[in-house]
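Visitor: Spelled out, the chains give:
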Amino acid sequence: MSIELLLALITGAALFGVGIYGALSQTNLVMIMMGIELILAGAMVNLVAFWRYLHPDTPAGQMFVLIVMTVMAIEMTVGFGVAIARFRAKGSVEMEEATDLKG
Amino acid sequence: MITAQALYIGFFGLAAVWFGIVVFRTFSMVRSALALLFSQTALGAMFLSMQAEFLGVLQIMMMATEMSIMAIFMVMFMMDPGGLGKMDMTHQKRLSLVAGIVSFVAAVAVAVFVDWGPIASVAPDAAQQTVDLGLELLGRSMLIFETAGITILTAMIAATAVAIPPVKRNPSKGTANHEH
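Chains as they are written, first to last, in this note's numbering: chain A, 1 to 103; chain B, 1 to 180.
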């Protein structure tokens with residue numbers, strides 16, 4: 001295996017791990033979204049690396065990256081919509097306080 | 001053999017991971033957003049190092065805008081956006097740390113132990129890549145591309161609908177009052 005591919009995959013794995021830590025440990029909705037952004041960034045690095053070092057003649061690999069970017073944008077859009085609604089209703093985006101639906 | 005490309009990938013990869021860690025280490029929400037911006041920009045530079053020119057430039061442009069908006073929202077939503085009060089906004093730290101480390105180790109194990117097959121030494125040049133991607137998007141993958149566009153539009157409408165204040169109709173007067 002080439003060192004370049006290995007470095008890219010390790011970077012993707014590290015971003016994924018940091019993102020998992022952030023998404024699970026943070027109590028603020030916007031910070032949780034940042035964790036998810038890092039998880040998706042890790043996926044993107046892997047996709048670019050796989051395209052470049054395994055299948056550079058297949059543009060579908062790059063297309064997948066565009067789809068992940070779309071998912072990131074959608075996550076931000078919906079997340080901020082929910083954050084605004086929550087802030088308007090409760091005056092905070094702390095997820096520790098979001099127990100309204102708790103049975 | 002360590003090539004210049006490997007050095008660049010390693011450097012920008014390290015920068016991306018380091019700034020990713022800084023996101024959750026600082027008390028200031030604005031600094032967190034800026035750290036995420038730097039992390040994503042380093043990732044864009046890493047894409048450029050991997051000869052994915054279009055994606056690299058797109059990543060830098062898109063994330064610069066996205067993270068600037070995120071920083072503005074941080075200031076709007078936080079009582080202490082500067083982080084001077086050093087308030088702790090974390091929970092289940094140990095569990096999160098274990099989950100993060102386990103995912104990292106598992107992903108690295110897959111990266112190291114899987115046989116990825118032959119490695120391609122050359123990639124198409126930037127112009128050819130853009131042509132190929134354009135033909136892919138408007139050809140074989142057009143349905144997926146169009147679905148992504150429609151999904152973004154749906155998300156924008158849904159987010160706006162959720163975010164606007166609810167209107168309470170007053171039946172006796174026939175007027176609409178915004179609820180605050």
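Please keep in mind that the hints were generated in silico from the structure rather than gathered at the bench. A portion of the hints provided could be inaccurate.
Stated by the list, open to error - In silico DSS-like cross-links for lysine-lysine, where the CA-CA straight-line distance does not exceed 27 Å:
#1 B/Lys93 x A/Lys102
#2 B/Lys93 x A/Lys90
#3 A/Lys102 x A/Lys90
#4 B/Lys168 x A/Lys90
To be verified - If you want the footprint, here are the derived chain A segments under chain B, 3+ residues with CB under 8 Å:
#5 8-19
#6 56-68
#7 96-102
We treat Cβ as the ideally placed atom computed from N, Cα and C, and that holds for glycine.
Visitor: Going through the earlier hints one by one, which of them does the structure break, listed in rising order?
Guide: Failing hint: just 7.
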